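Here the sequence shown stands for residues 711 to 929, numbered as in this note's numbering.
Do not rely on the hints blindly, as some may be mistaken.
As the list claims (entries may be wrong) - Label-pair restraints from in silico Cβ distances:
(1) Phe826 x Asp915: 17 to 25 Å
(2) Glu861 x Asn926: 34 to 42 Å
(3) Asp852 x Glu783: 31 to 39 Å
Calculated from the structure, these hints are not laboratory results.
For clarity, every value in this text was computed on a predicted model and none was experimentally measured.
Beta carbons are placed, not taken as given, at the ideal position from N, Cα and C, and that holds for glycine.
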Amino acid sequence: MQQRPDNRSGRMVILLIAGIPVTIILAATWLWWFVMRGDLDLVGALGTANKGELVQPPRPLPEHVLMTASGAELPWTNSDHQWTLLVAHPGERCAETCERQLYLTRQIHIALGKEFHRIRRYYVGDHAPDATRLDVSTLSDDHPVPGSFPELLDKEHQGITAAQVSPETYRALFPETLEAPSTWYLVDPAGWVMMTYDKDDTYKDVISDLKFLLKNSGD
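Whole structure, please, built from the sequences with the hints as guidance.
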């Protein structure tokens, strides 16, 4: 006697197949709801590929007043949508750590090669750059030590933008440097201070992050 197909099993298979997309949508909605409520740190749970430390929440540079060495207001403009390597340094002198950060960010910028134009560099202090004292006996590249900090920027770091902010603004934007002076920053094209690096991050680590960001950025 010939067996008849089990219609109920067939219907079950069809229902299961049809239900998969619905289940995925419901799960995604549930996950998004918890992330938006702040009950689930998705980035922290899954981890990130970046070598630097994310600034959470990021800090908006355009909302603060930056000034030139002469004290004139320096608007945050970025018509070329560049990422910014930013060295922030408190106090009236630039010693070994400060000089080393300037050197490191310069070398990273150069090493990006064809992507060089998509990056720019800033130095921001809580004192006027012209009033900052260069306090080093040697330079990282063994070039002769200039007579002043402005001369260092002019000779060794052409193209860098030097700015100052008030001490209050400095503490709000760059608090990490007050506890860990080797900290420096990456700023996205919209002006958000979004990542920190320090002496434990290697040259290759930073290059890896930048290449990833430049490749996956629409800017």
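To see whether the hints hold, each was checked on the structure:
1. In this structure the hint that Phe826 and Asp915 lie 17 to 25 Å apart at CB holds, the actual value being about 19 Å.
2. For the hinted restraint 34 to 42 Å between Glu861 and Asn926, the CB-CB distance of approximately 39 Å keeps it satisfied.
3. For the hinted restraint 31 to 39 Å between Asp852 and Glu783, the CB-CB distance of approximately 38 Å keeps it satisfied.
When the structure is compared with the earlier hints, no violation turns up for any of them.
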